[in-house]
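**Q** Required output: the full structure, derived from the provided sequences and hints.
Listed below, chain by chain, are the residues.
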Amino acid sequence: MAAHLSYGRVNLNILREAARKELREFLDKCAGSKAIVWDEYLTGPFGLIAQYSLLKEHEVEKMFTLKSGRLPSADVKNIIFFVRPRLELMDIIAENVFSEDKHHSSRDFHILFVPRRSMLCEQRLKEQGVLGSFINIDEYILDLIPYDGDLLSMEYESAFRECYLENDQTSLYHTAKGLMTLQALYGTIPQIYGKGDCARHVANMMLRMKREFAGTQNQILPVFDTLLLLDRNVDLLTPLATQLTYEGLIDEIYGINNGYVKLPPEKFAQKKQGEASKDLPTEPKKLQLNSAEELYAEIRDKNFNAVGAALSKKAKIISAAFEERHNAKTVGEIKQFVSQLPHMQAARSSLANHTSIAELIKDITTSEAFFDNLTVEQEFMTGVDTDKVNTYIEDCIAQKDPLIKILRLVCMQSVCNNGLKQKVLDYYKREILQTYGYEHILTLNNLEKGGLLKPQTSSRNNYPTIRKTLKLWMEDANEQNPNDISYVYSGYAPLSIRLTQVLARPGWRSIEEVLKMLPGPHFEERQQLPSGLHKKRQQGENRTTLVFFLGGVTYAEIAALRFLSQMEDSGMEYIIATTKLVNGTTWIKSLMDRPESQMT
Amino acid sequence: MCWSLRDGLRDSLVAAAPYGGPIALLREPLRRSPSSRPQLEIYSASGVGIASFPWKSGPVVHLGWTVSDELLCIQEDGSVLIYDLFGSFKRHFSMGQEVVQSQVLEAKVFHSPYGTGVAIVTGSSRFTLATNIDDLKLRRLPEVPGNTCLLILDPDLRFPIEDPCVLIGELDGVRIISSTNQELLQEVPLVCQDIFKIASMAPGALLLEAHREYEVTCLLACAWRVSKCLVLQAASFGKCFLTDFSPDQFVSTCRELRVLNAVRESSVGLPLTHAQFKQMTLQVLIDRLVYRQFYPLAIEICRYLKIPDYQGVSRVLKHWASCKVQQKDLSDEAIARAVCVKVGDSPGVSYSDIAAKAYECGRTELAIKLLDFEARSGEQVPLLLKMKRSQLALSKAVESGDTDLVYTVVNYLKNEMNRGDFFMTLRNQPVALSLYRQFCKLQEQETLKDLYNQDDNHQELANYYVTASYKEKRLESRLSLLQSAVDEYNKAKNEFAAKATMEALLALGLHKQAEQLYRDFRVPDKRYWWLKLKSLAEKEEWEELEKFSKSKKSPIGYLAFVEVCIKCNNKYEAKKYVSKVTPEQKVKAHLAVSDLEGAADAAIERRNEAEMGAVLSRCSASDRLVIDRLNRARAGAAKK
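Top to bottom, those sequences are chains F and A.
Mapping to the UniProt record's numbering: the first sequence position 102 is 102, numbers consecutive.
Mapping to the UniProt record's numbering: the second sequence position 211 is 211, numbers consecutive.
Among the hints, erroneous ones may be present.
[Stated by the list, open to error] With a straight-line cut-off of 30 Å between C-alpha atoms, the simulated DSSO-like cross-links for lysine-lysine are:
| no. | chain 1 | residue 1 | chain 2 | residue 2 |
| --- | --- | --- | --- | --- |
| 1 | A | 499 | A | 526 |
| 2 | F | 423 | A | 553 |
| 3 | F | 405 | A | 526 |
If you're looking for bench data, these hints aren't it; they were derived computationally from the structure.
Quick caveat, the model's predicted, so the values are computed rather than measured.
**A** Set out below in C-alpha cells:
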C-alpha cells in the first residue's frame, strides 16, 4: 500500500492496485521459480508499482539487467524478459537466448512487453529465429503510472520529440489508451477541453475508443469532472525558464528520477557522537521525494526564498516537541511521549535532510552566475531587448558554458520574440557551431523543427499581447505568501497554467484572441453519462479537473496547479498527468542529436 | 401436429431432437432405386415443414440430432453426413474404412458433456465409438459376444398407443410422436400431486382452495396450462399474506412461463417444459430460435426477460446479419443498409465479423461496405488485407491511431508491392510514411535516403548526410558526404547550414594548425578576445596578457580580465585591471579582488545604495571601519 497515493482528492491507489494485480497475474502464468531480465529503463517506473517483495512472493529469485552476451547462470525454471518494444532490445534478447546452453538447461523463456507488444518486435524475434523459444509473449499495459497523490506520469521520455519532430504519434495512442483505463476505473469524464494538435488527436482517439466500447456503459460515478489536454508546444516558454520552487530547483540542479534524487554526500555525513567525521561518504545520497514525507509535502511547492523560513519554523516546532519530555511527569505522560517518539525522530531526520538540501541549493542560487542567468531570463520574459543579440549569451558562449544552458537561453529569446531576426539567429547559430562543434547543426535543425528556435516570419511579435492578456508577468510576485501562481518563477506565471486557470474561470471564450495566436486548435467535447450518474454536487464541493500535459510538465507548473487547488475560492481541484516530468535541461537534451565521430 | 403425413410414420426413419427439437423423417431409407429416391423431410416439433429434399446418397441406417440442431445421417457404409436445420449439407465424416465392408448394423447418436457422439455396431459385431463429432477420434470397442439385449421395463406404467409412433426421451418425460399427435408423458411432479390430489391437505392445496373461495368464478378446467394459471393466481394471492417473501422469484417464473407459451406456439414449435427450459438455459433457447431464424421472437424474448444486450439482442442480431448477407437476391446496397438499420451500434455486434461472413460468401464489395460501419479500425484491418484492399487497410490503420497496426500494414505492403508502388502508397499517408521513416532510421539507413530523395526533402537529406559523415571512418568518404550535405542544404535554400557545413568541410580538410588559424581569422572580435584572454590566463602567461590588454580597447571590457585572473587564482594580476574597469562595474571589480575598501569607495562615490548594500553584505565584523563609513554614506543619501 502506497499511502501517499490515497491522500488526495482522487485515490490513485486504485490505479496502482490494478497495475499490481495484472503484474501478479502475469507472474503466476509462469509457474515455478523465476529470474527477471530487465530493460534498465523500466526499473524506475516499475519501482513505483511494485517493490521487490511483491516479485519475491511470486517466486522471482533473481534479477538481471538486459545486456548482450550470455545470461548469468541462475537455477530457475523461468527467464522473463521485461522490455520496452524496441528493436535493438530484441537483438540482445535473441543473443541471450542463443547463447543459452541447450543441453544442460531447460529454462523456459517469456517476454513481457511494456506497455504494449509490437508486431515489429515479434517479427524481429522471428527473423532472428528465436520467436518459437518463448512460452509466453505478453504485454503489460502500464501507461499512466501513479507518482504521487495528484500526479500521474507515463515516463515516456521521447514523446515531445516523436510528436513534433518525427510525426510519430505512438505516445498519443498510449495516452488515449491510458485515459481509457483511467476512465474505466474512475468513471467517464464528462467534459473534455483541449488546445493543440496533439490534444485534438488524443481526444479524437478517446471518443473513437469510446464508440468501440459502445453499449458496455461505464457505471462508475465520475470522479473527474473535466479533462484538459494541453500540448507542450502551446507553451514552449515555461520549461525553458529556471524553476524557482524548492522541488523545481532540486530537479533543475540534481535531477529527480522516478521520485528519487541523488545528492552530493558531503552534507549528509552522519555525525556520530564521539567520532570525528573523518570518513566522508563517497556514494551519492539517494533520497525518495514524495508527499508521504510530511515536511517535504509542506515545502516542495514553495518558492525557494520561502523555504528557509519554513525550515526554521519547523525546527522550532520539533525541538519544542522534544522539550516536552521535561514536562512529562506521570508514567502516562511519559508513555505518550515515547509513543510519539518514532514520528518525531522521523520528522527530525527529514528536517536535517532538507536543511542540507536547502544549503546545497542556496550555494548555487546565491552565486553570481545563477543570478546573471536569471536576470537575462526575466528580461526576455518581460520583453526587454529580445530582438538583439544578447551580450550575456555571447559571453557565455565565449566562455564555453554548458551548451544546454546556451540553447535554453537562445530558445527562450526566440520564443519571447516570436522568432529571431534572421541575422540574429544566424549569429547565434554560427557562434554555437564554432564553439561547440559543427555536429550540433543537427540539434539546431531539430530545435527549429520543434519551433523552439525560429526565424521571425512576420514583423508582428505577438508575445507581448499574450503576456499582457494572460498576465504572464506579475511585477510584485509575493514569494513568501503567494497570492498568484507567478510566485513559482518569481514573477513569471506559466502560460500553460494561466490557460488552465482561465478555463476554470471565466472560461476560454474570454481569451479567444490569444488562443488563436497559440498553435493548434482549441476545442470542447462532451461525453454522455448514463442517466443516474450525474453528480449531485454538494454545496461548496469542488470540481475536479485532470490536466494532461502532452510532451512534458515541470515541477513548477505542478506547484502552480497545486497552489490553485488550495486557493479557497478556486472551487477546483487539479490532478496532473503527463507523458514525462521534464525541466529545461532534460527537455532540450531529448531534442539533441549527437553523432559520435568514428574518425580514427 | 401441423403435418399431414400420407403414410404416417410407417417404413420411416424418424429422429426427433430432445428439448422440443426438430423432427427428421426419411421415408423408406433402404430403397435403392434411382428412379424413386427417398425423401428426407425436416419438421419443427409441432410438425411445421422446414425442409424437404430427395435423398441422393447411400442407404441410411440411422438419423440423429446434435446438440446444436444439426442432423446426422448415418449410412450403411459408415459415413456420416451432417446437414443443418434447413437441409443444407455441411460436411461428412466416416466411422472407419473397415465399415464399408462389414456395414453398419445399428447406430446411435448420443449426447455427453463432451458433445454429440455416434456409436455404431457393424455386421462383424464390432462397436465403434466417436465421443465428440466435432473433435473426431474413433475408438473401437472389443467384440461383444452374441446378440445381447438390454430392456428396461417399468411394470407399473402402461400407456395405450394405437398408431405407429416414435418415442423421445426427455429430461422429465417421454415425448410421443405419432402421425397425428404429439404427447408428453410425464410423471406428475410431487409438488403438483400435493396441490391437485383429491382432498389434499398440503399447504399449497389449501392456498388454492382459499383462492377458489375468494374468487369463485374461476374455472375448474383441468387443462395443464389452465391449471398452471390457476396455481399462479393462487400463488399471487397467497403471496400477499407473506411479508418477507421476495416477489422476484414469482415474477421471473411468470415471465419464463410466458416465454415458454410463446415458443410452444405451433408456428414456432418448441414444446418445452419448464424443467427442460431450466436445464437447457435461456442462452440455448435463444440460440435455437436463432437457428430457426425466428429473429423477431428471439429479440422480443431477450427484451422481455431483460437480458443484457451483450448476451441477448446483440447475439441475435449478429446471427441475423450473418444470415442476411447470404441472401443472394438482394443488392449489396440493400443488404448493407438493412444491416445498418437493424444493427445500428448495438454493443457486441462486430461489423467486421459480419463482413467476414459476406466475404466468405464471395461478396467482397458488400464486405467493404459493412466494414465501413465498424467502429474499431483495428478490427477492419486484417479483413481488408485478406481482401487485398491494402490501401484501405492502411488508411484504416492510420485512423485507429494504433501505430503497431500501421506497422503491420506497412510491413505487409512492403512485401506485397514493388518498391515504387510501395513508396507512392506511403506518400499518400503521411503518418504511415513518418512511421516507416522511423523504422528506417533504426534499421535501413539506405532506404531512408531513398525516401527523402523521392520526396525532394533536401533539408532532411542533408541532415542524413551529416549524420552519415560522422559514422564514416575514412577522411575521404567523410569529406564527400559533407559535400553532399552542402549541396542538399543549398537545394533546401538553407543558406546558413550550407555555409556552416562548407566551413566544417574546409576545416576538416585543412591541416590542424591551419584550421586554428582559419578559425581565429573568422571568429568575431569579442569571442577572439575571450578566447585569448582565457587561454593566456590558463597558460599563466601574465606578461603576454597585460600586453594583450593594452593592444587596443577591449571589446569585452576589463571586468572579464579581473574575473579570469581570479579564476586562475592570481589576485595580483587581477588587481592590475581593476582601475581600467568602467565606473558601473567598479564595485564588482573591487569585490572580485576582495578589496572591500576600494569597493566601498567606488560605491560611495557613485552614491549607489544597492551597491553599498552589496558591499555591506560582504563585510564581516572585523571590517568595522568600512561598515561605519558605508552606513554613514547611506544615512546621508537617505536624508537627501
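**Q** Hints first: check each against the structure and report whether it holds.
**A** Evaluated hints:
no.: 1; hint: 499/A with 526/A; result: holds (21 Å)
no.: 2; hint: 423/F with 553/A; result: holds (26 Å)
no.: 3; hint: 405/F with 526/A; result: holds (20 Å)
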